[in-house]
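Peer 1: Chain Y is already provided as a structure; the job is to place chain U on it using the hints.
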Amino acid sequence: MQHSYFDHNATTPVAPEVLETLLSCLGQVYGNASSIHHFGQAAKQRLEAARRQVAALIHADATEVVFTCGGTEADNLAVLGVVRAAPGADKHVITSAIEHPAVLSACAQLEREGVAVTRVKAGSAGVVNPDDVRAALRPATVLISVMHANNELGTVQPIVEIGRIAREAAVPLHVDGVQALGKIPVDVTALGADLYSMSGHKLYAPKGVGALYVRKGTRLAPLAFGGHQERERRPGTENVPGAVALGAAAELAGRNLAADSERLAALRDRFENTVLGRISGAGVNGARWSRTPNTSNLYFDGVDGEALVIALDLRGFAVSTGAACSSGAIAPSHVLTAIGLDADRARASMRFSLGHANTAAEVDGLAEALEASVAHLRRISVHA
Amino acid sequence: MPELASSSAAPIAVAMSGGVDSSTVAALLVRQGKSVVGLTMQLWNQRRMPELAPDGPTGRCCSIDDVYDARRVAEQIGIPYYVVNFEEQFEEHVVKPFVAEYLAGRTPIPCTLCNNYIKFDRFLEMADAVGAWQIATGHYARVRYDTPSGRYQLLRAVDPAKDQTYFLFGLTQPQLARTLFPLGEMAKPAVREMARGFDLAVAEKGDSQEICFVPNGDYAAFLSAYMKETGVEEPRTQGAIVTSDGRTLGEHQGVHHFTVGQRRGLGIATGEPLYVIRTDPATQRVTVGSGDELWCSKFFARDVNWVSIAAPEGPVAASVKIRNKHQAAPATLRPTAEPGRVEVVFAEPQRAVTPGQGAVFYDGDLVLGGGWIE
Chain Y
1 MQHSYFDHNA TTPVAPEVLE TLLSCLGQVY GNASSIHHFG QAAKQRLEAA
51 RRQVAALIHA DATEVVFTCG GTEADNLAVL GVVRAAPGAD KHVITSAIEH
101 PAVLSACAQL EREGVAVTRV KAGSAGVVNP DDVRAALRPA TVLISVMHAN
151 NELGTVQPIV EIGRIAREAA VPLHVDGVQA LGKIPVDVTA LGADLYSMSG
201 HKLYAPKGVG ALYVRKGTRL APLAFGGHQE RERRPGTENV PGAVALGAAA
251 ELAGRNLAAD SERLAALRDR FENTVLGRIS GAGVNGARWS RTPNTSNLYF
301 DGVDGEALVI ALDLRGFAVS TGAACSSGAI APSHVLTAIG LDADRARASM
351 RFSLGHANTA AEVDGLAEAL EASVAHLRRI SVHA
Chain U
1 MPELASSSAA PIAVAMSGGV DSSTVAALLV RQGKSVVGLT MQLWNQRRMP
51 ELAPDGPTGR CCSIDDVYDA RRVAEQIGIP YYVVNFEEQF EEHVVKPFVA
101 EYLAGRTPIP CTLCNNYIKF DRFLEMADAV GAWQIATGHY ARVRYDTPSG
151 RYQLLRAVDP AKDQTYFLFG LTQPQLARTL FPLGEMAKPA VREMARGFDL
201 AVAEKGDSQE ICFVPNGDYA AFLSAYMKET GVEEPRTQGA IVTSDGRTLG
251 EHQGVHHFTV GQRRGLGIAT GEPLYVIRTD PATQRVTVGS GDELWCSKFF
301 ARDVNWVSIA APEGPVAASV KIRNKHQAAP ATLRPTAEPG RVEVVFAEPQ
351 RAVTPGQGAV FYDGDLVLGG GWIE
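First to last, the sequence lines map onto chains Y and U. Numbering follows my numbering, with no gaps: position 349 of the first sequence is 349. Numbering follows my numbering, with no gaps: position 306 of the second sequence is 306.
All clues given are correct.
To be clear about the criterion: a stretch of chain Y counts as covered by chain U if any three or more of its residues have a C-beta under 8 Å from a C-beta of chain U, and this derived list gives those stretches: (1) 297-307; (2) 373-380.
Counterexamples of contact, computed for chain U against chain Y with all Cβ distances above 12 Å: (3) 72; (4) 159; (5) 192; (6) 237; (7) 242; (8) 243; (9) 300; (10) 309; (11) 337.
Just the calculated beta-carbon pair ranges, DEER-fashion: (12) Y/123 x U/97: 37 to 45 Å; (13) U/232 x Y/343: 15 to 23 Å; (14) U/10 x Y/278: 21 to 29 Å; (15) Y/302 x U/314: 40 to 48 Å; (16) Y/39 x U/10: 57 to 65 Å; (17) Y/343 x U/230: 13 to 21 Å; (18) Y/302 x U/292: 56 to 64 Å; (19) Y/121 x U/100: 35 to 43 Å.
No lab work stands behind these hints: they were computed from the structure. The structure presented is a predicted model; accordingly, all values stated were derived computationally and were not measured. We treat Cβ as the ideally placed atom computed from N, Cα and C, and that holds for glycine.
So that you can see chain U by itself, here it is in the shape it has in the complex:
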């Protein structure tokens, strides 16, 4: 490995999670002769709610093991390294809204909130505070400066399987101006190969999965445990399971157990498969129906952030992605009179448009912007 870079320029702060991607970013920048400082964000105390993880708090984000791995990589590549504690901000801006959204019958994406309020906000501030100007992360995305428009643009990663721009639609121009995504031009296998080349101890470490603070993806159990721990009485959201033509088929244990498009776990035996069409926290009703009823051709997105372009005045043609694994579909974006509110009209109906998820607008690889599905 190269010696610690002797660059006198302001260092780049690398957000190091202890995973292979961010470790490779740090090593790559050092190899390029950059001055680098490694920072790990401590976001969540994995010792909380031990009943959720009977086998102990390992293998998840912010575990002691991850900090150990990040520290080891930092030592190996010879950079200063610190753990910074953002637990309070993370709980306030990510976990609490996550809980509130579910209780309101929506299906939130905490990763986007974390990017908006923690990784590209609090972390940028901390980087600045310790004397770094630019930050680098292991996200799969690309940033470029567009001279004609004078704007920084966000683009999909070249590896479509790893592209993470769906979670990055909240980034602003000042944030993009200071952000490096060194892996955006690389495919995951090449990143792993590079990690092996650098002889990083984490080269063979598995990819992180699921929502980092929710063990085993069981968000309903997390919600219950969180409300119990924080002394909030769990709202009674039990109610009826109904069809769209008003027939009652049964009872459910709480709207937050259901998400649009869900098929399993309804507890109702019928001839044809039933899906959740919508949930309504006001009436605590879960409406179910055949798969046909899931298809929808338009919706409204709120709090839209225009990432790479100025806010348009009139309709814009785009391809729109309504969840991370969705194949972006052609649509027309119609700005409404209400600021930040956009009507999205698909050329073809799309399955399971889910309130609370993000809707991200693309023009080819370019991320035009995105907002939250109402």
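Bound-form chain Y, shown alone:
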């Protein structure tokens, strides 16, 4: 059976160009980037070139990029690192209710350490209102953390406005950019972000590598202790092949972003229009007007999302009910609940996330399979 992949927000395949770069680096560049000798210098050169490539994609200075083992570590380093480095005993953090667990769970940990946390709501559009962020400010606020694009809905958050609020209040702003990078343009200065999280495997690079942008002058306490790597922010021998792959992916993304976005948005819209035209009792979750180009989150009333994922997989289409990290969980998605969906509709919702390799024929096949599966599920009326 042909299997088509529509779960790129969970992870992406490694791009052929990235794979080639990664393999040659793995095979040839084995020095420790901190070593003095020739081999160490060769590794260091590759590492720093990769850092420049990543910095270029987000319009930052290379010295502001810290490589991590992935998006979750970048989020944790940002949230825990900034708050723990902030002076004073009375501390407060503002985040949103639709953040990824990598941010929400880090905030929950801070609460256990005595930090106050405000989670601003997102409306039914799946977009945070900057006024809510402003209203949540306190004298003790030491960090604002709001994602750039939501992983489940694709909705893009008003980071520029939130950045302005943060600057006026002199509070650092962390932006979880894992789902935005490579899909929409990112300029950390224009956004007003002081920290920006990135993940390799959402960008056609491999798992196990990510990065955190840290604006010069931002106080950040490390999470781990060891050597002096990454300007004392992230100890441990550098994952040079991983960083090099992320660099290659960043360069590729920068080069193709405009064309890819346009193509993916057209495919996504073709898919949505077909599905919404053919299937009744279906609709888009979150704002259609402000989304990453590859993401579509739809509900099909009266359908059990868990059953639909399995039925579609058996027909050769890989989709998801939401974040892969929460699959198998009993509770409906915290994102869908936060934007006001009741439990039934949240369980009847599916995420379709397109990627570079998807074709119009695949998208049409998906729409057809979806129509058949939804009709079957409604006929036997399996309820969530």
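Peer 2: Relative to chain Y, chain U alone:
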């Protein structure tokens, strides 16, 4: 192992627990050339109430280890495999009634409720939803179609030691029509031998024991922990321990700690052995007496389901089993005017007829039906 079957027919959904029985079922069907999809039901979050299992949530149903084993078998035999989450339904239809029954002074059997509401209801629905029509499980029982009556019949497994029909009396005709029990014709040692033959990683895995969501069989501790976790105030069911002629012998800590026929744990020292004869949640009394008082020759069963035969109009001779390990005893079934209520009159008195347990009616190997002891 054979390649994944290329059958274009609708697949059979196998309920895979990660144990040797259901794993063998899946492998056997693949070997027979059937198209198979494996599904594991996630029924209970073993991370709940950690105080009940200080050594961690292993070795019990729905543990991460069991899912790992099922997934490994599915990979080995080359079938698509998914975990489906029925935790909410399981809590609603199995755990909550289990708790309520104990608090009402009865001794419930959650496995039957799980079969009625989860394995042969929700699971069948899920199988249908994903494009499978038939389901197969590792239960030891047999189903056959009886042409003269036009009914599907449920029969005991050929291995009497493993027969599980006592827990399956709630099955309906539409459920039986879609259900395969491939192990019903096999003895357990042969199943294990077959698992070894298939080289399944779980071939030597031990049999599951007890009630899957109750660690170490300590249901009283489970009830307390569950009520604490769900914020329900534990009802005060402390009361007197009395004899049937009205003498008070002592106090007890709650009726749900006692089950009919129980001898140990009464906390009363007397010359002759004392047994629990009945518990009465209304008065919170536990009545005890000598073993002789446990013998009873008739009782009523409610919510009777006639599995293999149409509901009889008049008396029916049958052998009746009143708990899983009970030797079925001859009895007459007398339907009452109340639908689904049957009077069971034994030829000889039976020991410890326990409210809340199932009463299952047999004619030889044939399961006529069953209900709940009042």
